[in-house]
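Engineer: Protein chains in written order, with this note's numbering: chain E, 1 to 263; chain F, 1 to 263.
It is worth saying that the hints were derived from the structure and are not from the lab.
Within a straight-line C-alpha distance of at most 20 Å, the following computed EDC-like cross-link-like pairs (lysine to aspartate or glutamate) qualify:
1) Lys-50/E / Glu-66/F
2) Lys-206/F / Glu-238/F
3) Lys-50/F / Glu-66/E
4) Lys-237/E / Asp-177/E
5) Lys-187/F / Glu-256/F
6) Lys-187/E / Asp-246/E
7) Lys-237/E / Asp-127/E
8) Lys-50/E / Glu-46/F
9) Lys-3/F / Glu-238/F
10) Lys-50/E / Glu-54/F
11) Lys-56/F / Asp-117/F
12) Lys-187/E / Glu-256/E
13) Lys-249/E / Glu-32/E
14) Lys-50/F / Glu-54/E
15) Lys-50/F / Asp-15/F
16) Lys-50/F / Asp-70/E
17) Lys-50/F / Glu-46/E
18) Lys-42/F / Asp-70/E
19) Lys-174/E / Glu-238/E
20) Lys-21/F / Asp-70/E
Note that the structure is a prediction, hence the values are computed from the model and not measured.
Number of protein chains: 2
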Amino acid sequence: MNKLFIIKIGGNILDDPAQLKSFLHDFAAIREPKILVHGGGKIATELGNKLGIESKYVNGRRITDEQTIDLVTMVYGGLVNRKLVASLQQHHCNAFGITGADGNMLKASKRPVKDIDYGYVGDITADSVNTSLLYFLLKQNTVPVFAPLTYANGIMLNTNADTIASVLATALSKHFDIRLIYCFEKKGVLMNVNDANSVIRHLTQKKYTELLTQGILTDGILPKLESAYAALGTGVKEILIGEAADLLKNIGQETEGTLLTLT
Amino acid sequence: MNKLFIIKIGGNILDDPAQLKSFLHDFAAIREPKILVHGGGKIATELGNKLGIESKYVNGRRITDEQTIDLVTMVYGGLVNRKLVASLQQHHCNAFGITGADGNMLKASKRPVKDIDYGYVGDITADSVNTSLLYFLLKQNTVPVFAPLTYANGIMLNTNADTIASVLATALSKHFDIRLIYCFEKKGVLMNVNDANSVIRHLTQKKYTELLTQGILTDGILPKLESAYAALGTGVKEILIGEAADLLKNIGQETEGTLLTLT
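Turn these sequences into a full structure, and let the hints steer you where they fit.
Structural biologist: If you want it as structure tokens, here you go:
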């Protein structure tokens, strides 16, 4: 099977012009088929503040009300996604911006209200992906660039970008040998959160479960690892977590970051 | 050749929830291949006012400065385009939102500075269109929904939606029997601008030139007719101008509006 890189970036890259420039250069240089999934960044919060839209939290969880979904549709689906695509075109990378609604690409379920009403938040599984259309776009040598937005019943929904990357990886694992790469602000999964160099080079599911039990893994990394192991359990063979610069410079070689595998 | 409808809508529909709802219903019901091109609407101006971004004009012409291109990229490329696509999905129409940067679909030239610097404005011709990718998307039974945005040299540019519709029509006229439909707030091209019912039912290029010479045609309609006759001169056979409700209810039949042809 052909290789396919699925690369997720978040606010630490989107909010830093120098890092973003470097990332776009490295990403465009990858010669294999590839997909970019981007998160949000500070700009939605900043714009929200200017417009008097408050970020709302219940029990520490962010709530997406009607004003907020419009805000993130504008910022993530408009400003961030469109500018990323235009910049990648300048790097000779034929990017194509996509939200879940485009071509019915990611049809979500609005998160059901139990203890908390999260508002306009979409949950997805690998069955949510319009795999055939996505596969065709890749075959046309375009590079899909996903905003962290899905949809259900005619409305846009906020969806975690890590989850989108993981779900796309699972859905496409029938067609490609997937390498899923989560770029974040640390060099990898850390054995000691206070030591930036304590990178765990290789994490199997057995070791992951052990570290979980021992309480070694901290809050920040847990949702990422949960998405990752969900994908590994359903056809994705390898996942890399670390700093974009490290992971993309030597793509295809295991030089930096944490490599996650099932066994 | 197969028929293809290219339909352009502007602020009068986008800003009116009842009209928009009715339009989306009628548009989704068209069974032939189709493309939607949308303009702006009041929301960009309203949001701009809230953010303290002033609309700038020189000699009556709108200038797109850096703040304004970011604003319209958010609003037209984000909020308006994404919500239109999600709404169309709800109507079982497999819409796919597109700006000029996506898949290099509309590569523009930034308008050169002569007497006026229009700022971030893109000029396009039929050669600007990535026709093969657009054709492929249509063959996948998706419905492209174009925001009034193009790009050049890695940056987004503001581009008139009438022009985009006209340029797409010309580019696709090799592959389809195109019917280009400009929806606007009047019942058609009027013989007397003060009489809403003085619709000219059929306008040939000869008659158009005569009316131009006689000064019958007023400012508002001139750019639209200029785009239209440019398209008719390069392969598009028929163009309809009028109210969306009239034109879409009986699509394919010449019942309402103004029909433009070369001869």
